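Each chain, letter by letter, is given below.
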Amino acid sequence: AQSVTQLDSQVPVFEEAPVELRCNYSSSVSVYLFWYVQYPNQGLQLLLKYLSGSTLVKGINGFEAEFNKSQTSFHLRKPSVHISDTAEYFCAVSEGNTDKLIFGTGTRLQVFP
Amino acid sequence: GAGVSQSPSNKVTEKGKDVELRCDPISGHTALYWYRQSLGQGLEFLIYFQGNSAPDKSGLPSDRFSAERTGGSVSTLTIQRTQQEDSAVYLCASSFGGSPGDTIYFGEGSWLTVV
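From first to last, the protein sequence lines stand for chains A and B. Start counting the first sequence at 7; every next residue gets the next number (the numbering used here). Start counting the second sequence at 772; every next residue gets the next number (the numbering used here).
Hints are computed from structural coordinates only; laboratory data are not their basis. Please note: incorrect hints may appear among the correct ones.
[Claimed, not checked] Okay, the calculated beta carbon distance ranges per label pair:
(1) A/Pro85 <-> B/Ser780: 20 to 28 Å
(2) A/Pro18 <-> B/Ser809: 32 to 40 Å
(3) B/Ser870 <-> A/Ser15: 31 to 39 Å
(4) A/Thr11 <-> B/Ser776: 31 to 39 Å
Model, not experiment: these values are computed from the prediction. By construction, the Cβ of each residue, glycine as well, lies at the ideal position given by its N, Cα and C atoms.
With the hints as extra help, turn the sequences into a complete structure.
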């Protein structure tokens with residue numbers, strides 16, 4: 007069965023600094039990979055997803071992620087964060103034959119002024 | 772509606788009581804999901820409906836939990852004889868359901884507190 011590991015439960019960072027949120031997955035078949043964001047007191051919304059093609063995926067709000075098949079990783083990056091990026095970020099995987107998403111435990115990004 | 776709608780947004784119930792949580796998916800979406808979000812636990816898959824197919828119930832934690840989807844649209848998640856460990860945010864989501872990798876859209880959740 008597939009699973010998702012987000013090693014960092016919390017990532018504190020100062021405003022305008024770069025950030026990387028790590029995500030590793032395990033699956034024996036081809037996968038689709040997703041990052042969702044949950045702002046305080048709001049529902050989850052899609053940041054970006056990888057289905058096929060270019061391994062570098064760009065999403066909303068200046069975020070991007072790179073699919074690395076050999077390392078089974080899909081780390082999320084932003085070159086310069088803003089206070090408004092403070093939120094919980096969830097990595098998720100679905101296997102190629104199903105829409106069902108399996109989520110990681112989330113990483114709380116806290117941006118300080 | 773424009774998005775996935777869930778009700779109630781907040782529910783406080785006494786241990787042992789039954790609760791029903793409702794989800795109205797985005798119009799036209801054939802796939803519907805229920806997830807549970809507990810503090811420090813991430814999002815836990817509960818159940819998945821796709822069109823007229825038999826639902827995937829593999830994530831339901833016990834037989835106290837059940838869900839149905841009437842007419843291929845609205846869904847109700849029922850928790851019988853609630854326990855304190857059932858306290859969580861219950862999230863409903865929907866997608867077109869036609870292709871793997873479809874974007875899944877989430878509602879804002881129903882916060883359940885069992886006292």
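Evaluation of the provided hints:
The beta-carbon spacing between proline 85 of chain A and serine 780 of chain B, approximately 36 Å, falls outside the hinted interval of 20 to 28 Å. About 23 Å separates the C-beta atoms of proline 18 of chain A and serine 809 of chain B, a value inconsistent with the hinted range of 32 to 40 Å. In this structure the hint that serine 870 of chain B and serine 15 of chain A lie 31 to 39 Å apart at CB holds, the actual value being about 33 Å. The hinted range of 31 to 39 Å is satisfied by threonine 11 of chain A and serine 776 of chain B, whose Cβ atoms lie roughly 33 Å apart.
Comparing the model with each numbered hint stated earlier shows that hints 1 and 2 do not hold.
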